[in-house]
Amino acid sequence: MSPPSIGQRGLAVTGLRVRHRHGPEVVHGVDLQAHPGEVMGLVGPNGAGKTTVLKAMVGLLPSAGTITLDGQDLSQLSARERAHRVAYVPQRTALTAPLSVRSVVDLGRFAHRSSWSRPSAHDRAVVSQALEDANVADLAERPFSTLSGGERQRVLLARALATQAPVLLLDEPTSALDVRQVLLLHTILRTLAQRGSIIIAVLHDLAEVREHTDRAVLLQDGQVQYTGPTPEVVALEPVRAAYGVDLIERAGLAYRLPTGGGVA
Amino acid sequence: MNRSGLTWIILLLVLTGGMITGLLVGDGDLSDLALRETYLKLRLWRLGNAGLAGAALATGGVLVQGLFRNPLASPSILGTTAGASLGGMVVLSLWNVLLAGSMPAWLPAELLLPVGCLLGAWLALMLLMTVTGRDASVITVLLTGFILSSLFLSVGGLLTSFASEDFELGRAIVAFTLRGVEAKGRHHLALAVPMVVLGTAVAMSWARHLDALLTGEDEARSIGVDVVAVRRWAIIWTATLTAAAVAIGGNISFVGLMVPHALRPFVGVEHRQLMPAAFLGGAAFVIWVDILVRVVPTRGHLPLGVVTRLVGAPIFLYLLARAAREGRMA
Numbered sequence: 001m002s003p004p005s006i007g008q009r010g011l012a013v014t015g016l017r018v019r020h021r022h023g024p025e026v027v028h029g030v031d032l033q034a035h036p037g038e039v040m041g042l043v044g045p046n047g048a049g050k051t052t053v054l055k056a057m058v059g060l061l062p063s064a065g066t067i068t069l070d071g072q073d074l075s076q077l078s079a080r081e082r083a084h085r086v087a088y089v090p091q092r093t094a095l096t097a098p099l100s101v102r103s104v105v106d107l108g109r110f111a112h113r114s115s116w117s118r119p120s121a122h123d124r125a126v127v128s129q130a131l132e133d134a135n136v137a138d139l140a141e142r143p144f145s146t147l148s149g150g151e152r153q154r155v156l157l158a159r160a161l162a163t164q165a166p167v168l169l170l171d172e173p174t175s176a177l178d179v180r181q182v183l184l185l186h187t188i189l190r191t192l193a194q195r196g197s198i199i200i201a202v203l204h205d206l207a208e209v210r211e212h213t214d215r216a217v218l219l220q221d222g223q224v225q226y227t228g229p230t231p232e233v234v235a236l237e238p239v240r241a242a243y244g245v246d247l248i249e250r251a252g253l254a255y256r257l258p259t260g261g262g263v264a
Numbered sequence: 001m002n003r004s005g006l007t008w009i010i011l012l013l014v015l016t017g018g019m020i021t022g023l024l025v026g027d028g029d030l031s032d033l034a035l036r037e038t039y040l041k042l043r044l045w046r047l048g049n050a051g052l053a054g055a056a057l058a059t060g061g062v063l064v065q066g067l068f069r070n071p072l073a074s075p076s077i078l079g080t081t082a083g084a085s086l087g088g089m090v091v092l093s094l095w096n097v098l099l100a101g102s103m104p105a106w107l108p109a110e111l112l113l114p115v116g117c118l119l120g121a122w123l124a125l126m127l128l129m130t131v132t133g134r135d136a137s138v139i140t141v142l143l144t145g146f147i148l149s150s151l152f153l154s155v156g157g158l159l160t161s162f163a164s165e166d167f168e169l170g171r172a173i174v175a176f177t178l179r180g181v182e183a184k185g186r187h188h189l190a191l192a193v194p195m196v197v198l199g200t201a202v203a204m205s206w207a208r209h210l211d212a213l214l215t216g217e218d219e220a221r222s223i224g225v226d227v228v229a230v231r232r233w234a235i236i237w238t239a240t241l242t243a244a245a246v247a248i249g250g251n252i253s254f255v256g257l258m259v260p261h262a263l264r265p266f267v268g269v270e271h272r273q274l275m276p277a278a279f280l281g282g283a284a285f286v287i288w289v290d291i292l293v294r295v296v297p298t299r300g301h302l303p304l305g306v307v308t309r310l311v312g313a314p315i316f317l318y319l320l321a322r323a324a325r326e327g328r329m330a
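In order, the protein sequence lines correspond to chains G and U.
In terms of my numbering, the first sequence is residues 1 to 264.
In terms of my numbering, the second sequence is residues 1 to 330.
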């Protein structure tokens, strides 16, 4: 994981509006601000617009409003320039072809190479490191199509790590992971944040959000209802208003990685 | 030596063997010293046309399969070959009606054939993409290709029927559509070489983009692929390759489907390997089929495309059934 370079102005989303093609507007003027070193959770009930906001931030959906990184308008950048700055981990991939895991992760270096050039020694080193960091080095030569859901999700994370982009956007990255892999993923995200990255993850499990994120944005009906430090957002009143459930504060089952059992 | 390396050696051996055999086999006796040079020249042009048509179709097949993320796609199945063929017929007809007699003798209608084929192939692909949209299922793309192919063939049939009233035009259209590489000479080869070489070279430069597209358009875009540009250029170069193949080989079907399929288990799915392998494999395949039609004892002329269809159609049905069984038609 190489240190990303990003100024303190961070990622700013202002007045983001997204309309489905030939359909209604589903995101109505979302504002959010994320700073380097921060892990942000994007939460909300089903249909709140979390994935739509994330995709619009990656540039996959046409949107109105502005998205700037360190003051630079991302919409003015080419796909290649944007990929240098923002990496995306989708919830699932459409890939069914038997590409090797190493080749899938190497696609993360796409924006760093010209059409004809072969992977440089640096590219290969970055890919190997990403495979290690995402805990999939032992799968490197396996065809992607033979992997389990959890293994695929980790490979998609490795591909995002290989981009070395300072902003990492993840869409439900833990939905197919077991508890150990969830903890390992959050350890990776925390390490990246400590090195100056901006991490924004759509998460469903509020306990996970409370445990692993610094700030949270609670979306409902395409609008930001609450934003702030995670303990203030994942709290009784906001959760009741958005989800219609009562948050019960009590000690239940919890997990942690054993000492020395995390990632290097 | 690994599997991929061995595949390359076998491909080169099969291609070289086909080229040598193609020069040695055919009508005419090479021991006739007076005619030997002529026979060899004619066989060389035929060999070149067959190899180039096969290489172009197989490379075009890899391109459209990557573009549609659909391993059942090929220029013939998507209607691109029929579109190119119709484009060629339209150009021949327009030439006959509007320009015949007014053009210099050194500019025969055949020289404009590739232009007509190119426009026809390009329009066919554009029509297909417009009708199916971005996220069409495998079955939608195949059905639309089938309908377009039927439409182009019907319009072509109509044109042939009208053209038969004019002897010269009727002869030209029949020679173009029904006769394959055996009826084409060095002029056709000279016209097709730049189209195929350029088309393949540029297609090769899109190899990594096509690899990225295997993950879907959204993911490809997120890692920096200009998807709109890839789509636009893949259409242009597929049309160019198909047009070149149709201009020199007529309607040769299924090569773009069979050759990439046969090679994937050996060279993998990455386009940097698959595309040049398909180029060599396509050339070798059509050269050997052309040798076959020369040696099979038939009363009349056996078109090359008949043999590729006889082999290709059952393979396509098998692949279709397998895809349906594995739930890959959505």
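One should not assume that every hint holds.
[As the list claims (entries may be wrong)] If you want a taste of the chain G side facing chain U, the calculated C-beta under 7 Å gives, among others:
id	residue
1	P24
2	V58
3	L60
4	L61
5	A79
6	A83
7	Y88
8	T93
9	A94
10	L99
11	L107
12	P119
13	S120
14	R142
15	A254
16	Y255
[Claimed, not checked] Mimicking DMTMM-like on lysine to aspartate or glutamate, the simulated pairs with C-alpha atoms at most 20 Å apart in a straight line are:
id	chain 1	residue 1	chain 2	residue 2
17	G	K55	U	E37
18	G	K55	U	E217
19	G	K55	G	E81
20	G	K55	U	D218
[Stated by the list, open to error] Pair by pair, the computed Cβ-Cβ distance ranges are:
id	chain 1	residue 1	chain 2	residue 2	range
21	U	L127	G	R240	46 to 56 Å
22	G	D73	U	A229	47 to 57 Å
23	G	Q72	U	W8	41 to 51 Å
24	G	G29	U	R325	46 to 56 Å
No lab work stands behind these hints: they were computed from the structure.
Just so you know, even glycine gets a beta-carbon here, dropped at the ideal spot from N, CA and C.
Worksheet entry | Interface hint status, Y255(G) versus chain U (Cβ within 7 Å) | 30 Å, violated
Practice prompt. Identify whether the interface hint at P119(G) stands, where standing means a beta carbon of chain U within less than 7 Å of its own.
Written response: 10 Å, violated
Discussion item. Does A79(G) hold up as a contact with chain U if the rule is Cβ-Cβ below 7 Å?
Written reply: It holds, given that the least Cβ distance between A79(G) and chain U is near 5 Å, below 7 Å.
Discussion item. Against the range 46 to 56 Å, how does the distance between the Cβ atoms of G29(G) and R325(U) compare: consistent or not?
Written reply: 48 Å, holds
Item to complete: Closer than 7 Å between Cβ atoms is the bar; does A94(G) clear it against chain U? Give me holds or violated.
Response: 3 Å, holds
Discussion item. Would the hint linking K55(G) and E81(G) be met if the CA-CA limit is 20 Å?
Written reply: 17 Å, holds
Worksheet item: Is the hinted pair K55(G) and E217(U) satisfied, with a Cα-Cα distance of at most 20 Å?
Response: Judged against 20 Å, a Cα distance of about 13 Å means the pair holds.
Worksheet item: Should the hint that A254(G) touches chain U count as held when the rule is a Cβ pair under 7 Å?
Response: Violated, about 34 Å.
Worksheet item: With 7 Å as the cut and Cβ atoms as the points, is P24(G) at the interface with chain U?
Response: 20 Å, violated
Discussion item. A closest beta-carbon separation below 7 Å is what the hint needs, so does L61(G) meet it against chain U?
Written reply: 9 Å, violated
Fill in: Hint check, Y88(G) versus chain U [nearest Cβ-Cβ separation less than 7 Å]
4 Å, holds
Worksheet item: Was the hint right that R142(G) lines chain U, CB cutoff 7 Å?
Response: 13 Å, violated
In this structure, the earlier hints numbered 1, 4, 12, 13, 14, 15, 16, 17 and 22 are contradicted, and the remaining ones agree with it.
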